[in-house]
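All you need for the working numbering is the position in the sequence shown, starting with 1, plus 229.
Everything hinted at is true.
Each computed SDA-like pair below joins lysine to any residue, with the alpha-carbon atoms no more than 20 Å apart:
id	residue 1	residue 2
1	LYS243	TYR388
2	LYS373	ALA311
3	LYS289	TYR388
4	LYS433	LEU407
5	LYS365	TYR388
6	LYS368	PHE244
7	LYS355	ILE378
8	LYS413	PHE425
9	LYS397	GLU340
10	LYS321	LYS439
11	LYS373	PRO247
12	LYS234	ILE325
13	LYS443	TYR307
14	LYS347	ILE358
15	LYS398	PHE241
16	LYS391	GLN251
17	LYS234	LYS330
18	LYS365	PHE248
19	LYS365	LEU294
20	LYS321	LEU427
21	LYS429	ASN408
22	LYS409	GLU340
23	LYS398	TYR237
24	LYS289	LYS365
25	LYS394	PHE241
26	LYS321	THR432
Derived by calculation from the structure, the hints in this document are not laboratory data.
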Amino acid sequence: MLDKKSLYFTEFRKFEDPFEGQFRDGNRIETMEKLEKGFEGNQQMLEYLHNENPIDRSTKDLHSLGSYYISCWHENEYESAAMWKLYSDQEKGIAIQSNFKNLCDCFSVYEPEVIIGKVMYIDYKKDSIPWGNGLKIFKPFMYKRRSFIHEQEIRAMVYIRKGEKNEKKDGIYVPVSLNKLIEKIYVSPKSPEWFFDLVKSITKKYRLNKEIIKSDLYKDKLF
230 MLDKKSLYFT
240 EFRKFEDPFE
250 GQFRDGNRIE
260 TMEKLEKGFE
270 GNQQMLEYLH
280 NENPIDRSTK
290 DLHSLGSYYI
300 SCWHENEYES
310 AAMWKLYSDQ
320 EKGIAIQSNF
330 KNLCDCFSVY
340 EPEVIIGKVM
350 YIDYKKDSIP
360 WGNGLKIFKP
370 FMYKRRSFIH
380 EQEIRAMVYI
390 RKGEKNEKKD
400 GIYVPVSLNK
410 LIEKIYVSPK
420 SPEWFFDLVK
430 SITKKYRLNK
440 EIIKSDLYKD
450 KLF
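Make the full structure from the sequences, and use the hints.
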């Protein structure tokens, strides 16, 4: 990040969750109910729709026309022990503190547009993902299963059409203003002193004048 003055955005197919960017059962049921009413009595069309659900076709179309790149952030009023454990080497972890406005403002020079929003967590078997407005191609990426609600995720996303020169297989670097993005830098609560000193040294080398704090998550033991 310091060297490139950029954030890395991962192509969504590299994420662990196989449900990323997909409309699921709730949308299928809702769509079929509407279509069955509209084509009531047209048996041939109803059979076709059951064999080729429009929601599945829409998902395939979205994924085939271009690539979606995502940068994931955790939103919380308090430091999260779970996030340290899940997403860092606990002895060498680093967390960046920012806020929603700073995240939005730090991308001012980048094209194509960076879309930023809060992920909603739903039951894919019953709930449907709203489909509409000018940002509809991003909608399935702004909803996840309730199994991931602990992530409390904010997403920054970029869409690049297939065949464009900046389309990459695994991910892209998006330039940012680090001074706008970063408020404070936290070092893992289990990190050794030398690692804390190393983080201070590197940020000084790159002239990033931000407060560096060693997390005190596990500091005050009774015995």
